[in-house]
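Protein chains in written order, with our numbering: chain A, 1 to 329; chain B, 1 to 502; chain C, 1 to 359.
It is worth saying that the hints were derived from the structure and are not from the lab.
Heads up, some of the hints might be wrong.
Each pair of labels, with its calculated beta carbon distance range [to be verified]: (1) A:Met8 <-> B:Asp76: 19 to 29 Å; (2) A:Phe17 <-> B:Lys72: 27 to 37 Å; (3) C:Arg329 <-> B:Gln56: 29 to 39 Å; (4) A:Lys117 <-> B:Asp248: 48 to 58 Å; (5) C:Leu58 <-> A:Leu83: 37 to 47 Å; (6) A:Glu241 <-> C:Trp116: 21 to 31 Å; (7) A:Lys117 <-> B:Phe16: 16 to 26 Å; (8) A:Lys117 <-> B:Ile157: 24 to 34 Å.
With a cut-off of at most 27 Å between alpha-carbon atoms, the simulated DSSO-like pairs for lysine-lysine come out as follows [said to hold, decoys possible]: (9) C:Lys224 <-> B:Lys373; (10) C:Lys158 <-> A:Lys3; (11) A:Lys115 <-> B:Lys72; (12) C:Lys224 <-> B:Lys394; (13) B:Lys113 <-> A:Lys200; (14) C:Lys224 <-> A:Lys317; (15) B:Lys245 <-> B:Lys105; (16) C:Lys224 <-> B:Lys328; (17) B:Lys105 <-> A:Lys200; (18) C:Lys224 <-> B:Lys320.
All of these numbers come straight from a predicted model, not from anything done at the bench.
Backbone N, C-alpha and C define an ideal beta-carbon position, used for all residues, glycine too.
Listed below, chain by chain, are the residues.
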Amino acid sequence: MHKRKYLMIFLENIPIFLCLAIFLIFSILTPKFLSIGNLLDILTAVAYVGILAVGMTFVIITGGIDLSVGSVVYLSSLIPALLIRDSALSVPIALIICLLVGAAIGAINAFFIVKMKMIPFLVTLCTMVGSRGLAIFLCNSQVVKFPREITNLSIGKIMGIPLPIIFLAVVVAIAFFIQEKTPIGRQIYAIGNNIEVARKAGINTERVAAFAYIICGIFAALGGIMSVFQMGGVINASAGEGAEFQAIAAVVLGGASLSGGIGSVFPGTLLGAIIIKLLNVGLIYLGTDMYFQNIISALIILLAVFIDSLKTSYIYKLGRKNIRIEEQK
Amino acid sequence: MANIALEINDISKSFFGVYVITDISFKLEKGNILGLIGENGAGKSTLVNIVGGIHQVDKGNMKLFGKLYAPKTPRDALEKHISFVHQELNLFPNLSIADNIFIEKYPGGSVIKHSEMKKRTSEMLKWVDLDISPSTLIEKLSPGQRQLVEIVKCMRINPDIIIFDEPTTSLASKETERLFKLIKKLKSEGKTIIYISHILTDIKKITDDLVVLMDGKITDSGKTDDFSINRMIKSMLGRDIMGRKYPDKINKSDEEVVLKVENLSEPGIIRNINFELHKGEILGLFGLMGSGRTELTRVLFGIDPYKEGNIYIHGKKENKLSPEKSIKNKIGFVTENRNEEGLLLEGNVAENISLVSLPNYSSKILKFINTNKQKESINEIIERLKIKIGSTEKQLVRSLSGGNQQKIVIAKWLMNKPSIFFIDEPTRGIDVGVKYELYCILNKLADSGASILVVSSEIEELVGICDRILIMSKGEISSEFKNREFDNEMILTAAFKQKSML
Amino acid sequence: MASIEKPLNKLIKLVHVDSFLRMFLSQYFILILSILIFLVMWPVNPNIASPRALMNILENLLPLFIIAIGQMYVLIIGDGGIDLSQPSIIGMTSVIGAIFLTNSVNELKLGSSVLWGTLLGPDGGPFANSPLATPVAILIMIIIGVLIGSINGFCIAKFKMPPFMVTLVTKELFLYIAIWLTQSFNITGLPDSFIEIGRGSIWTIPYVLIIAAVMGVIASIILKRTVLGKWLYATGINSRTARVSGVPTNRVIIFAYAFSGFCCAVGSIIYSGRLLQGSPTLCRAMLLDIIGATVIGGTSMFGGRGRVSGVLIGCLFFALMGTVLNLLRLSPFIINMVKGLFILTVALLDVIRLRRSES
Numbered sequence: 001m002h003k004r005k006y007l008m009i010f011l012e013n014i015p016i017f018l019c020l021a022i023f024l025i026f027s028i029l030t031p032k033f034l035s036i037g038n039l040l041d042i043l044t045a046v047a048y049v050g051i052l053a054v055g056m057t058f059v060i061i062t063g064g065i066d067l068s069v070g071s072v073v074y075l076s077s078l079i080p081a082l083l084i085r086d087s088a089l090s091v092p093i094a095l096i097i098c099l100l101v102g103a104a105i106g107a108i109n110a111f112f113i114v115k116m117k118m119i120p121f122l123v124t125l126c127t128m129v130g131s132r133g134l135a136i137f138l139c140n141s142q143v144v145k146f147p148r149e150i151t152n153l154s155i156g157k158i159m160g161i162p163l164p165i166i167f168l169a170v171v172v173a174i175a176f177f178i179q180e181k182t183p184i185g186r187q188i189y190a191i192g193n194n195i196e197v198a199r200k201a202g203i204n205t206e207r208v209a210a211f212a213y214i215i216c217g218i219f220a221a222l223g224g225i226m227s228v229f230q231m232g233g234v235i236n237a238s239a240g241e242g243a244e245f246q247a248i249a250a251v252v253l254g255g256a257s258l259s260g261g262i263g264s265v266f267p268g269t270l271l272g273a274i275i276i277k278l279l280n281v282g283l284i285y286l287g288t289d290m291y292f293q294n295i296i297s298a299l300i301i302l303l304a305v306f307i308d309s310l311k312t313s314y315i316y317k318l319g320r321k322n323i324r325i326e327e328q329k
Numbered sequence: 001m002a003n004i005a006l007e008i009n010d011i012s013k014s015f016f017g018v019y020v021i022t023d024i025s026f027k028l029e030k031g032n033i034l035g036l037i038g039e040n041g042a043g044k045s046t047l048v049n050i051v052g053g054i055h056q057v058d059k060g061n062m063k064l065f066g067k068l069y070a071p072k073t074p075r076d077a078l079e080k081h082i083s084f085v086h087q088e089l090n091l092f093p094n095l096s097i098a099d100n101i102f103i104e105k106y107p108g109g110s111v112i113k114h115s116e117m118k119k120r121t122s123e124m125l126k127w128v129d130l131d132i133s134p135s136t137l138i139e140k141l142s143p144g145q146r147q148l149v150e151i152v153k154c155m156r157i158n159p160d161i162i163i164f165d166e167p168t169t170s171l172a173s174k175e176t177e178r179l180f181k182l183i184k185k186l187k188s189e190g191k192t193i194i195y196i197s198h199i200l201t202d203i204k205k206i207t208d209d210l211v212v213l214m215d216g217k218i219t220d221s222g223k224t225d226d227f228s229i230n231r232m233i234k235s236m237l238g239r240d241i242m243g244r245k246y247p248d249k250i251n252k253s254d255e256e257v258v259l260k261v262e263n264l265s266e267p268g269i270i271r272n273i274n275f276e277l278h279k280g281e282i283l284g285l286f287g288l289m290g291s292g293r294t295e296l297t298r299v300l301f302g303i304d305p306y307k308e309g310n311i312y313i314h315g316k317k318e319n320k321l322s323p324e325k326s327i328k329n330k331i332g333f334v335t336e337n338r339n340e341e342g343l344l345l346e347g348n349v350a351e352n353i354s355l356v357s358l359p360n361y362s363s364k365i366l367k368f369i370n371t372n373k374q375k376e377s378i379n380e381i382i383e384r385l386k387i388k389i390g391s392t393e394k395q396l397v398r399s400l401s402g403g404n405q406q407k408i409v410i411a412k413w414l415m416n417k418p419s420i421f422f423i424d425e426p427t428r429g430i431d432v433g434v435k436y437e438l439y440c441i442l443n444k445l446a447d448s449g450a451s452i453l454v455v456s457s458e459i460e461e462l463v464g465i466c467d468r469i470l471i472m473s474k475g476e477i478s479s480e481f482k483n484r485e486f487d488n489e490m491i492l493t494a495a496f497k498q499k500s501m502l
Numbered sequence: 001m002a003s004i005e006k007p008l009n010k011l012i013k014l015v016h017v018d019s020f021l022r023m024f025l026s027q028y029f030i031l032i033l034s035i036l037i038f039l040v041m042w043p044v045n046p047n048i049a050s051p052r053a054l055m056n057i058l059e060n061l062l063p064l065f066i067i068a069i070g071q072m073y074v075l076i077i078g079d080g081g082i083d084l085s086q087p088s089i090i091g092m093t094s095v096i097g098a099i100f101l102t103n104s105v106n107e108l109k110l111g112s113s114v115l116w117g118t119l120l121g122p123d124g125g126p127f128a129n130s131p132l133a134t135p136v137a138i139l140i141m142i143i144i145g146v147l148i149g150s151i152n153g154f155c156i157a158k159f160k161m162p163p164f165m166v167t168l169v170t171k172e173l174f175l176y177i178a179i180w181l182t183q184s185f186n187i188t189g190l191p192d193s194f195i196e197i198g199r200g201s202i203w204t205i206p207y208v209l210i211i212a213a214v215m216g217v218i219a220s221i222i223l224k225r226t227v228l229g230k231w232l233y234a235t236g237i238n239s240r241t242a243r244v245s246g247v248p249t250n251r252v253i254i255f256a257y258a259f260s261g262f263c264c265a266v267g268s269i270i271y272s273g274r275l276l277q278g279s280p281t282l283c284r285a286m287l288l289d290i291i292g293a294t295v296i297g298g299t300s301m302f303g304g305r306g307r308v309s310g311v312l313i314g315c316l317f318f319a320l321m322g323t324v325l326n327l328l329r330l331s332p333f334i335i336n337m338v339k340g341l342f343i344l345t346v347a348l349l350d351v352i353r354l355r356r357s358e359s
């Protein structure tokens with residue numbers, strides 16, 4: 001009986017255990033790992049994928065997926081860049097346009113997935129391809145640059161903490177607020193768990209699901225801003241490529257379930273993003289082959305998905321209709 | 001003139017052209033507990049679903065406290081202060097008690113006021129004597145506790161009318177007592193209650209008035225005190241037996257035991273099941289919903305696992321059961337849910353009928369199908385079972401009638417020439433004429449030497465075609481009636497008798 | 001229920017004649033569309049009818065066809081079945097095959113590979129210059145393809161992991177493994193006997209055509225005439241019914257993915273031969289084409305439907321469209337967009353078809 005309890009506690013808090021484990025292992029293997037500078041660097045690097053993953057969390061909790069975030073990163077940072085270059089747009093308006101682009105792609109996803117009831121991964125696969133194509137078309141496959149003032153922001157610090165980390169903290173805080181303190185944030189959990197019951201409870205399931213995809217798009221746009229910082233203000237055709245996989249990985253590592261209803265922006269997904277970066281950096285410190293690192297990352301993600309499936313089938317077995325109640329533990 | 005809370009006037013409702021309830025009329029007094037009883041499929045759920053806004057009426061109307069009431073969605077019913085405690089609890093296990101209660105309308109508008117939510121939830125939990133923190137996740141609660149949460153959820157909208165649909169199926173005895181206390185408390189606060197249950201002793205205990213449904217019509221109603229259990233059963237089942245025919249049974253079953261079950265148990269599902277099935281016998285397994293009869297059959301066929309016990313098929317002890325193994329042992333299984341597990345709805349007739357017996361028509365090594373031989377057998381069995389279809393290849397099973405669909409499932413298993421045949425709810429959703437055909441098919445099957453286990457919730461069906469009947473309740477076999485010496489009254493009383501509380 | 005499904009219902013009502021819908025979804029429509037495209041482009045750009053352009057279309061079509069057959073098997077078994085890892089299986093088998101085939105390796109590039117000194121040396125791989133090289137390599141490539149496919153199938157069937165996620169992760173995983181083995185370089189020095197398979201012909205019939213024809217026929221026979229084929233379709237239409245009816249659904253699922261891996265290995269043989277190199281990123285951008293060809297060819301993403309002839313026509317359409325768009329000098333990204341749009345449309349029609357029959 002106690003065994004089961006400890007198992008459940010373990011399964012529910014895997015992200016924390018994993019994070020600590022990786023941290024400890026690397027700290028022991030390479031003491032340099034523990035330096036504050038290194039940790040700040042890691043957090044700065046986390047900002048990009050972290051923001052994308054935070055938005056992705058909402059979609060995954062509803063039981064869906066969004067493969068288009070990488071392309072949104074590209075498109076949402078490209079369009080403002082072009083507008084600034086060609087029509088001398090002011091920075092705040094450029095920022096708003098960036099977010100609007102993200103929201104627009106999110107809305108397109110929402111339309112086909114929620115209203116037309118199509119399979120999420122297929123729809124977002126198409127928007128992924130479409131958005132990237134559109135972006136390349138708009139810039140004629142050329143590289144576009146952001147002006148100095150913006151790129152300088154990426155190096156800035158407030159009270160010694162790099163700006164990207166502050167940005168990440170603010171974004172996570174906003175997402176956490178949405179998740180915990182708004183009705184629609186809670187309803188996302190409801191539709192992810194059982195959409196029929198949610199409908200019966202009077203929830204407008206379409207509105208909630210659409211919200212998740214649009215929010216994901218907006219956060220992807222925010223991630224686009226982060227990516228601009230990281231690339232030194234330069235946007236080229238490979239911007240955002242592969243980002244969706246990293247984002248999904250962070251969400252799954254953070255304990256969210258691909259079948260929906262389970263997951264959290266904080267600590268879950270944030271820890272997931274940190275785990276990925278810790279792994280990357282730790283392996284670099286160990287001097288492993290750059291290509292080998294990717295293999296380890298992919299294996300860890302596979303393991304996370306495996307554990308998620310175990311959890312899901314375990315929960316399913318527990319939920320089987322019970323007749324002899326007195327025999328229930 | 002007593003205050004009438006809900007008035008039902010001549011309500012009729014049909015699905016796909018078949019009337020499920022017809023001309024239902026009754027009045028519900030405020031502050032009363034109305035019991036609604038009837039067999040499976042009598043129309044109880046449909047009726048209350050209409051009150052709850054899940055379905056719309058075809059004919060008739062409803063009046064709520066004198067005003068016309070026609071909800072189009074569950075939300076409408078909620079707004080009119082009508083609450084529904086479903087049998088399948090509508091809770092989200094991944095969310096807390098407080099979240100579940102307020103999921104549709106949080107205090108505070110667009111920003112949730114957590115402290116207020118917690119306070120209100122605690123108050124409501126106190127009211128039902130549930131001493132648990134409001135932030136506990138539902139998945140950590142027992143079924144009884146979950147039901148109390150569901151009731152609390154209903155209380156949030158301050159309901160005038162509360163509908164309970166089979167509330168005690170998942171409850172232990174203590175929890176049932178707790179529920180009854182709560183219902184009495186609700187009544188004392190002026191709430192009106194509709195209580196659906198198949199546990200007649202419970203109905204006697206807690207309801208004031210009673211309405212009996214049978215085949216979608218009201219057959220009896222009145223004050224509960226005026227009803228004996230017998231009268232209840234008779235009103236539920238006393239249909240015109242002249243209309244229902246059963247084939248004559250001529251053969252006598254052998255002594256040879258084809259299936260023997262010893263001490264079979266799966267914790268929480270079935271316990272200590274012991275019985276034998278003889279060659280050529282039609283054995284009936286009767287139980288109400290939640291008795292474990294379907295679960296038992298699934299375990300016997302190998303779909304679900306079991307923890308203890310022994311199963312002997314044709315005298316040989318079988319350990320790791322599976323559908324493949326059962327099929328090799330020439331066992332067939334028509335499940336109770338033909339749409340989900342019996343048919344390939346998007347497939348054609350030939351694909352469906354040939355599915356189980358595919359290996360029988362194929363060459364050994366490369367498994368090529370001998371289509372000619374197979375087609376012959378398919379056509380032969382379609383004729384034998386009198387399945388009315390056009391082309392076997394073009395006709396999609398989805399568009400066939402319930403009767404034909406069931407015949408196709410049976411045909412599929414008969415193609416494998418089973419010696420043991422399990423069939424769960426053989427005539428569910430099928431009209432009377434085809435029912436007789438199905439009984440004849442089963443009869444002929446037993447005549448030819450096969451042994452049949454018929455699981456059903458329609459007692460007269462079993463009385464009509466079985467040699468023996470086992471009664472199941474709460475996961476155990478509670479009684480047995482042998483050799484066609486069926487006394488209807490005795491059986492029905494035994495069937496509806498539940499382990500008494502206290 | 002009505003209020004929630006309004007736009008979809010409106011669309012369904014628009015396409016309210018059954019035969020209309022069946023026409024759109026039939027593979028013959030796509031075939032006719034392909035011919036129409038061809039005829040329309042002819043006056044605009046006469047090059048399209050040139051033997052070179054036609055050969056080009058055929059060359060693009062055939063290996064795609066082989067791989068798409070594998071994807072079709074995976075889509076047929078339903079329950080969200082999809083194989084996103086196909087490009088990586090192609091890359092992985094390409095690399096491993098090349099390792100065994102190569103007869104000369106550039107030390108500067110592959111010197112830092114983990115295989116250097118063990119399997120690889122300046123004089124090539126273990127079977128360098130040996131007559132056994134090609135058959136052994138082919139065998140190993142096929143084994144690796146089937147193995148990776150089986151891993152996918154096992155995770156999906158036994159552990160019930162979601163197909164798109166599993167194959168998404170194995171896609172990345174095996175891409176990285178292949179890149180790591182070759183340090184991101186291509187392996188050259190492949191023997192002529194191997195290259196012949198992808199490029200050569202016998203009695204003017206290209207080997208590719210023979211291989212594609214054989215694979216197509218075998219795949220079609222399995223589906224139409226064997227127990228396994230019926231099991232594949234049954235699992236796709238309703239896996240629960242299939243399970244109760246005795247279909248060994250787990251084994252069927254694993255087979256479908258293993259077969260997909262097999263098709264990828266065969267396709268990889270051809271592509272690697274044509275490229276003259278073993279490349280870890282071989283066919284990396286081909287996923288859209290593969291899925292597109294399969295889906296446009298009438299294979300439903302919901303399972304239970306799909307025919308080899310449909311896949312062939314889908315490949316024809318995609319190869320044709322690709323050539324035409326190329327001749328129009330459109331950027332590859334625009335071409336991808338157009339392809340994506342087609343897939344979206346077909347998928348939408350598929351959803352409509354399913355919802356229609358359900359109501």
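* To do: Verify the proposed pairing of Lys224 (chain C) with Lys394 (chain B), using a straight-line Cα cut of 27 Å.
  => Distance ~16 Å between Lys224 (chain C) and Lys394 (chain B) Cα, so the pair holds.
* To do: May I ask you to test the hint 19 to 29 Å on the CB atoms belonging to Met8 (chain A) and Asp76 (chain B)?
  => 40 Å, violated
* Asked: Hey, Lys224 (chain C) versus Lys317 (chain A), does the alpha-carbon distance stay inside 27 Å?
  -> 37 Å, violated
* Taking the CB of Arg329 (chain C) and the CB of Gln56 (chain B), does the distance hold inside 29 to 39 Å? -> Violated - the Cβ-Cβ distance for Arg329 (chain C) and Gln56 (chain B), about 59 Å, lies outside 29 to 39 Å.
* Asked: Has the given pair, Lys245 (chain B) with Lys105 (chain B), been kept, meaning a C-alpha gap of at most 27 Å?
  -> With a Cα-Cα distance of about 54 Å, the restraint between Lys245 (chain B) and Lys105 (chain B) is violated, given a limit of 27 Å.
* Taking 27 Å as the top limit, are the C-alpha atoms of Lys115 (chain A) and Lys72 (chain B) close enough? -> 21 Å, holds
* To do: Quickly compare the C-alpha distance for Lys158 (chain C) and Lys3 (chain A) to 27 Å and report which way the hint goes.
  => 24 Å, holds
* Lys224 (chain C) and Lys328 (chain B): Cα distance at most 27 Å? -> 24 Å, holds
* Note whether the CB distance of Leu58 (chain C) and Leu83 (chain A) lies within 37 to 47 Å or breaks it. => The hint (37 to 47 Å, Cβ to Cβ) holds, given that Leu58 (chain C) and Leu83 (chain A) are roughly 45 Å apart.
* Take the C-beta atom of Lys117 (chain A) and the C-beta atom of Asp248 (chain B), compute their distance, and say whether it sits inside 48 to 58 Å. => 52 Å, holds
* Sort out whether Lys320 (chain B) lies within 27 Å of Lys224 (chain C), counting only the CA atoms. => This hinted pair is violated, its Cα atoms lying about 32 Å apart.
* Restraint status (C-alpha distance of Lys105 (chain B) to Lys200 (chain A) at most 27 Å) -> 14 Å, holds
Hints 1, 2, 3, 14, 15 and 18 from the list above are not met by this structure, while the remaining hints are.
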